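As a plain string of letters, each chain reads:
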Amino acid sequence: MKPRERVMLALSHKEPDRIPIDLGATIVSSITRGAYTALKQHLGLPQEPVTMLDYVQQLPYLSEDLLEHFEIDFRMVQLPAATAPDLQLFEEGDYYAFIDRWGSKLHMPKQGGLYFDWVDFPIKELSLEALERYEWPKPDPPEYVSRLGEQARYLYEHTDYALVGSAVIGGGIFEQPARTIGLENFLTALVTEPKFADRLMEQITDIYIESCSQYLDQVGPYIQVFTYWDDLSTQDGWMIRPELYRRMIKPKQRRLVEAIRRKTNARLFFHACGAVFDLIPDLIDLGFDIVNPVQVSARGMDTRRLKQTYGKDIVFWGGVDSQHVLPFGSRRDVEEEVKRRIDDLAPGGGFVLAAVHNIQDQVPPENVIAMFETALRYGKYQ
Amino acid sequence: MEAIIQEIYSGVIEGNSTLVKEKVQEALSAGIDAQTILNQGLIPAMAEVGRLFEEGEYFVPEMLIAARAMQGGMGLLKPLLKEADVKAAGRVVIGTVKGDLHDIGKNLVAMMLEGAGFEIIDLGNDVPPEKFVEAARLHQADIVAMSALLTTTMVNMKSTIEAIEAAGLRRKVKILIGGAPVTESYAHQIGADGYGEDASRAVQAAKALVAA
Numbered sequence: 001m002k003p004r005e006r007v008m009l010a011l012s013h014k015e016p017d018r019i020p021i022d023l024g025a026t027i028v029s030s031i032t033r034g035a036y037t038a039l040k041q042h043l044g045l046p047q048e049p050v051t052m053l054d055y056v057q058q059l060p061y062l063s064e065d066l067l068e069h070f071e072i073d074f075r076m077v078q079l080p081a082a083t084a085p086d087l088q089l090f091e092e093g094d095y096y097a098f099i100d101r102w103g104s105k106l107h108m109p110k111q112g113g114l115y116f117d118w119v120d121f122p123i124k125e126l127s128l129e130a131l132e133r134y135e136w137p138k139p140d141p142p143e144y145v146s147r148l149g150e151q152a153r154y155l156y157e158h159t160d161y162a163l164v165g166s167a168v169i170g171g172g173i174f175e176q177p178a179r180t181i182g183l184e185n186f187l188t189a190l191v192t193e194p195k196f197a198d199r200l201m202e203q204i205t206d207i208y209i210e211s212c213s214q215y216l217d218q219v220g221p222y223i224q225v226f227t228y229w230d231d232l233s234t235q236d237g238w239m240i241r242p243e244l245y246r247r248m249i250k251p252k253q254r255r256l257v258e259a260i261r262r263k264t265n266a267r268l269f270f271h272a273c274g275a276v277f278d279l280i281p282d283l284i285d286l287g288f289d290i291v292n293p294v295q296v297s298a299r300g301m302d303t304r305r306l307k308q309t310y311g312k313d314i315v316f317w318g319g320v321d322s323q324h325v326l327p328f329g330s331r332r333d334v335e336e337e338v339k340r341r342i343d344d345l346a347p348g349g350g351f352v353l354a355a356v357h358n359i360q361d362q363v364p365p366e367n368v369i370a371m372f373e374t375a376l377r378y379g380k381y382q
Numbered sequence: 383m384e385a386i387i388q389e390i391y392s393g394v395i396e397g398n399s400t401l402v403k404e405k406v407q408e409a410l411s412a413g414i415d416a417q418t419i420l421n422q423g424l425i426p427a428m429a430e431v432g433r434l435f436e437e438g439e440y441f442v443p444e445m446l447i448a449a450r451a452m453q454g455g456m457g458l459l460k461p462l463l464k465e466a467d468v469k470a471a472g473r474v475v476i477g478t479v480k481g482d483l484h485d486i487g488k489n490l491v492a493m494m495l496e497g498a499g500f501e502i503i504d505l506g507n508d509v510p511p512e513k514f515v516e517a518a519r520l521h522q523a524d525i526v527a528m529s530a531l532l533t534t535t536m537v538n539m540k541s542t543i544e545a546i547e548a549a550g551l552r553r554k555v556k557i558l559i560g561g562a563p564v565t566e567s568y569a570h571q572i573g574a575d576g577y578g579e580d581a582s583r584a585v586q587a588a589k590a591l592v593a594a
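Protein sequences, first through last, are from chains A and B. At position 28 of the first sequence (counting the first as 1) the number is 28 in the numbering used here, and the numbers step up by one without a gap. At position 61 of the second sequence (counting the first as 1) the number is 443 in the numbering used here, and the numbers step up by one without a gap.
No lab work stands behind these hints: they were computed from the structure. Given the structure is predicted, the values throughout are model-derived calculations rather than measurements. We put the CB at the ideal spot given by N, CA and C, even for glycine. Mixed in with the good hints, there may be bad ones.
[What the hints assert, rightly or not] If you anchor each label on the Cβ, the simulated ranges turn out as follows: (1) Gln-308(A) - Glu-547(B): 47 to 55 Å; (2) Arg-519(B) - Ser-127(A): 30 to 38 Å; (3) Glu-71(A) - Ala-429(B): 54 to 62 Å; (4) Glu-135(A) - Ala-429(B): 39 to 47 Å; (5) Met-52(A) - Ile-386(B): 56 to 64 Å; (6) Glu-512(B) - Gln-47(A): 53 to 61 Å.
[Said to hold, decoys possible] Mimicking SDA-like on lysine to any residue, the simulated pairs with C-alpha atoms at most 20 Å apart in a straight line are: (7) Lys-554(B) - Val-592(B); (8) Lys-540(B) - Leu-114(A); (9) Lys-403(B) - Leu-114(A); (10) Lys-110(A) - Val-537(B).
[Said to hold, decoys possible] To give a feel for the contact side, a few chain B residues facing chain A, derived at Cβ under 10 Å: (11) Ser-392; (12) Phe-441; (13) Glu-465; (14) Val-468; (15) Leu-483; (16) Ile-486; (17) Gly-487; (18) Asn-489; (19) Ile-503; (20) Asp-504; (21) Ala-562; (22) Glu-566; (23) His-570; (24) Asp-580; (25) Gln-586.
Just chain A, with the same shape it has in the complex (with noise of 0.2 Å):
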């Protein structure tokens, strides 16, 4: 079977071959720089150099050969996510940093650093007049995205990948907030500057409608997936009142995904890590074919529970642990963590394996090739 009419089926809560399995059809299901490179060497996989694909995360652009090794089923058109379009890095004491496309500063310690952290922010003062004098980021100029959309239209005629994209350029409608004023800030004005909050969230999702619009006019047709990220919880349930979402952030993201949805018949995939199972149902509710990563450490995130309270209505994609099993576990862990979340989440279709977020540098390599044997020898139907 092709890789596309597998994912399709899968994606469709059907049955087909085997389990669709993924490693960099996002930038929240790929692998970190170190564990990359690690990985490759121990493959014996020619090393040339590595070009960044997300220098905050610092996930590079994948080599066919890898992907091919694995039988990964997706492939990615994608713009560079959350950094600017003309990065800039330079030092600050201890760090490196740069200015992302919002402004905000970031940093990664020279020392033992692994990704870049928000650490300024360009709207100082809560008030709806540090919004008006705010430089608001603009989506990727045209011709970037048409060359987005040829590399799309060759993908899709000319392989048989499931082809998967974004154009949400920043963190979600919740997340993006915490990056452009800083995440305490945030929360506190959610509840003490409403008007504030909304605003500014508003204006977020006007220029998320807007890039993902020019987007999907150039690369909608060819893709099977289109991601959206927003983390709204922490690992013990809900980071804000649920009220609260429902009345501020949940309407925004029914106009952005309104707006993605008159340009594709894409899947709509949403991230959102932590224990989201009191999420999922507003995610269905929008709109969203499918959830991940799926977050098996959080608090109630069951994934026999999660696959019978949600498994007719949303497809999970990710569920291999990566908190404590892929860094931490032996091969023969990683082989039995693959095995229960294919027990648990496969049967029916609706399942695409992934780690639980990027594999981290810490992963050792021979953990990463046990989690995508066992996935191919075990993952098969019937």
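Given the coordinates of chain A, work out where chain B should sit on it, guided by the hints.
Coordinates of chain B only, in the frame set by chain A:
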């Protein structure tokens, strides 16, 4: 409890920073001493906020807002408490470990500890082992509290504990850890004395550590 203390207590729970500051000032002017305001107003209020959070009635925003209101009142009390030589519940040196820039969890823990009457020395984020050691020695800390969000930086908790041992301070301080990938068994494995699953439980763990 006096009516004004009750107002301070409710003000913190409701997260009304302006009201808390106003009422603390009023209470002080009425001759109520700082320690009473702290012990009967601010501390019980933050304990209630912790309880509401644990029970799922409060979420992170409500907790932050309440903590800021508490800090508003605390700012007025601190110099007076110092003057009266009131002992804190314990002295805590806190930070995120080397390589980790994620600090909201650490900040919440620090605020909740402060609200429980602990004195906080916040070293910020990306704190190398030697800085924890230096601060623990300088401030004669009772507790060193470390936070990590990442599986990749969590290992630096172990090297910090080793550095504390090497400096001969291990018997003098208790070590409390927490953060997304951290578990009770990891705490045990690396020889930490306590583990806080969330900000509210971290306070309970810290109290148990100083009582031990």
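- Evaluation of the interface hint that places Glu-465(B) against chain A, nearest CB under 10 Å: Hint on Glu-465(B): violated, closest Cβ of chain A at ~31 Å, above 10 Å.
- Range agreement (Cβ of Ala-429(B) with Cβ of Glu-71(A), hint 54 to 62 Å): Taking Cβ atoms as reference, Glu-71(A) and Ala-429(B) lie about 55 Å apart, which means the hint holds.
- Does the Cβ pair Glu-512(B), Gln-47(A) satisfy 53 to 61 Å? violated, 36 Å
- Under 10 Å, Cβ to Cβ, is where Val-468(B) needs to be relative to chain A, so tell me if that hint holds or is violated. Not OK, violated: Val-468(B) not within 10 Å of chain A, min 29 Å.
- Query: Regarding the pair Lys-403(B) and Leu-114(A), is the alpha-carbon distance no greater than 20 Å?
  - Reply: Outside the cut-off at roughly 42 Å; violated.
- Query: Does the alpha-carbon distance linking Lys-110(A) and Val-537(B) stay inside the 20 Å limit?
  - Reply: Measuring from Cα to Cα gives roughly 17 Å; hence the hint holds.
- Query: Taking the closest Cβ pair, is Gln-586(B) under 10 Å from chain A?
  - Reply: violated, 16 Å
- Message: Does the beta carbon distance between Arg-519(B) and Ser-127(A) stay inside 30 to 38 Å, or does it fall outside?
- Response: With a Cβ separation near 44 Å, Arg-519(B) and Ser-127(A) fall outside 30 to 38 Å, so the hint is violated.
- Task: Mind checking the CB of Asn-489(B) against every CB in chain A and telling me if the closest is under 10 Å?
- Result: Since chain A brings a Cβ to about 7 Å from Asn-489(B), closer than 10 Å, the hint holds.
- Is Lys-540(B) within 20 Å of Leu-114(A), Cα to Cα? Holds, at roughly 18 Å.
- Query: Are Glu-135(A) and Ala-429(B) spaced within 39 to 47 Å by their CB atoms?
  - Reply: holds, 44 Å
- Item | Status of the hint placing Asp-504(B) at chain A (closest C-beta pair under 10 Å) | violated, 14 Å
Consistency note: the structure conflicts with the earlier hints numbered 2, 6, 9, 11, 13, 14, 19, 20, 22, 23, 25.
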